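Okay, here's what each chain looks like letter by letter:
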Amino acid sequence: NAGVTQTPKFQVLKTGQSMTLQCAQDMNHEYMSWYRQDPGMGLRLIHYSVGAGITDQGEVPNGYNVSRSTTEDFPLRLLSAAPSQTSVYFCASSYSQGGVNTGELFFGEGSRLTVL
Amino acid sequence: SQQGEEDPQALSIQEGENATMNCSYKTSINNLQWYRQNSGRGLVHLILIRSNEREKHSGRLRVTLDTSKKSSSLLITASRAADTASYFCAEPPGGYNKLIFGAGTRLAVHP
Chain A
1 NAGVTQTPKF QVLKTGQSMT LQCAQDMNHE YMSWYRQDPG MGLRLIHYSV
51 GAGITDQGEV PNGYNVSRST TEDFPLRLLS AAPSQTSVYF CASSYSQGGV
101 NTGELFFGEG SRLTVL
Chain B
1 SQQGEEDPQA LSIQEGENAT MNCSYKTSIN NLQWYRQNSG RGLVHLILIR
51 SNEREKHSGR LRVTLDTSKK SSSLLITASR AADTASYFCA EPPGGYNKLI
101 FGAGTRLAVH P
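Protein chains in written order, with our numbering: chain A, 1 to 116; chain B, 1 to 111.
Read the hints as simulated data drawn from the structure, not as lab findings. Source: prediction; values computed, not measured. Don't take every hint at face value.
Computed from the model, here is a short list of chain B residues facing chain A with C-beta under 7 Å [said to hold, decoys possible]: (1) Arg41; (2) Leu43; (3) His45; (4) Phe101; (5) Gly104; (6) Arg106; (7) Ala108; (8) Pro111.
Here are the simulated EDC-like pairs of lysine to aspartate or glutamate, each with C-alpha atoms no more than 20 Å apart in a straight line [claimed, not checked]: (9) Lys26(B) - Glu72(A); (10) Lys98(B) - Glu104(A); (11) Lys98(B) - Asp38(A); (12) Lys9(A) - Glu104(A); (13) Lys98(B) - Glu5(B); (14) Lys98(B) - Glu30(A); (15) Lys69(B) - Glu17(B); (16) Lys70(B) - Glu5(B); (17) Lys98(B) - Glu59(A); (18) Lys69(B) - Glu15(B); (19) Lys26(B) - Glu53(B); (20) Lys56(B) - Glu15(B); (21) Lys9(A) - Asp73(A); (22) Lys70(B) - Asp83(B); (23) Lys69(B) - Glu55(B); (24) Lys9(A) - Glu72(A); (25) Lys26(B) - Asp83(B); (26) Lys69(B) - Glu53(B); (27) Lys26(B) - Glu5(B); (28) Lys98(B) - Asp56(A); (29) Lys56(B) - Glu104(A); (30) Lys70(B) - Glu109(A); (31) Lys9(A) - Asp26(A); (32) Lys9(A) - Asp38(A).
Using N, Cα and C, we set each Cβ at its ideal position, and we do this for glycine too.
From just these sequences and the hints, can you work out the full model?
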């Protein structure tokens with residue numbers, strides 16, 4: 001059981017480039033989310049999904065796109081990278097019990113992105 | 001920002017001592033969660049305490065919740081070097097789909 005898998009682990013981009021951070025989970029979890037972690041600021045929610053085909057914005061969605069075509073995958077797209085998007089990105093998933101999100105997040109190991 | 005705050009920001013102790021971390025949250029909650037993050041790794045869920053609970057234990061972890069003060073504390077007893085990590089509290093003001101994390105407490109346990 002791999003859990004939540006993120007790729008790539010490290011990436012360097014130039015300003016204006018686009019890229020996709022991949023996230024896959026093999027636990028059949030309904031809920032998935034993307035966070036970014038910056039020094040001294042904890043984690044901030046970018047986008048989340050409550051199931052295939054359903055996504056919504058979190059606290060800091062600007063500059064990012066997501067889609068959820070399958071239960072397993074939740075890619076995060078940077079449309080035109082900016083130095084302010086230099087961060088560590090975490091994907092997480094959670095499951096429901098009795099139709100209610102338990103809220104217990106399972107995290108990937110992170111993707112470290114530098115934008116020059 | 002709705003982000004809560006952990007206190008202290010950093011804590012350094014010797015093995016065998018107890019470590020106490022505090023969390024002040026901002027919203028009305030149904031529950032509060034604590035997570036651990038080892039350096040360079042993802043976060044790991046430790047414990048969830050519901051708003052109708054005042055105290056909860058899990059192994060060497062003890063969590064308290066005071067909803068009147070909007071605060072929670074995490075106590076790690078008989079700490080070990082392997083407890084060295086950052087610890088975060090998380091509240092779900094908008095439901096479990098939108099957890100809000102504090103900035104974390106960095107704990108260093110020295111052998």
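Could you work out which of the previously given hints the structure breaks and list their numbers from low to high? Structure breaks hints 6, 7, 8, 9, 12, 15, 18, 20, 22, 25 and 30.
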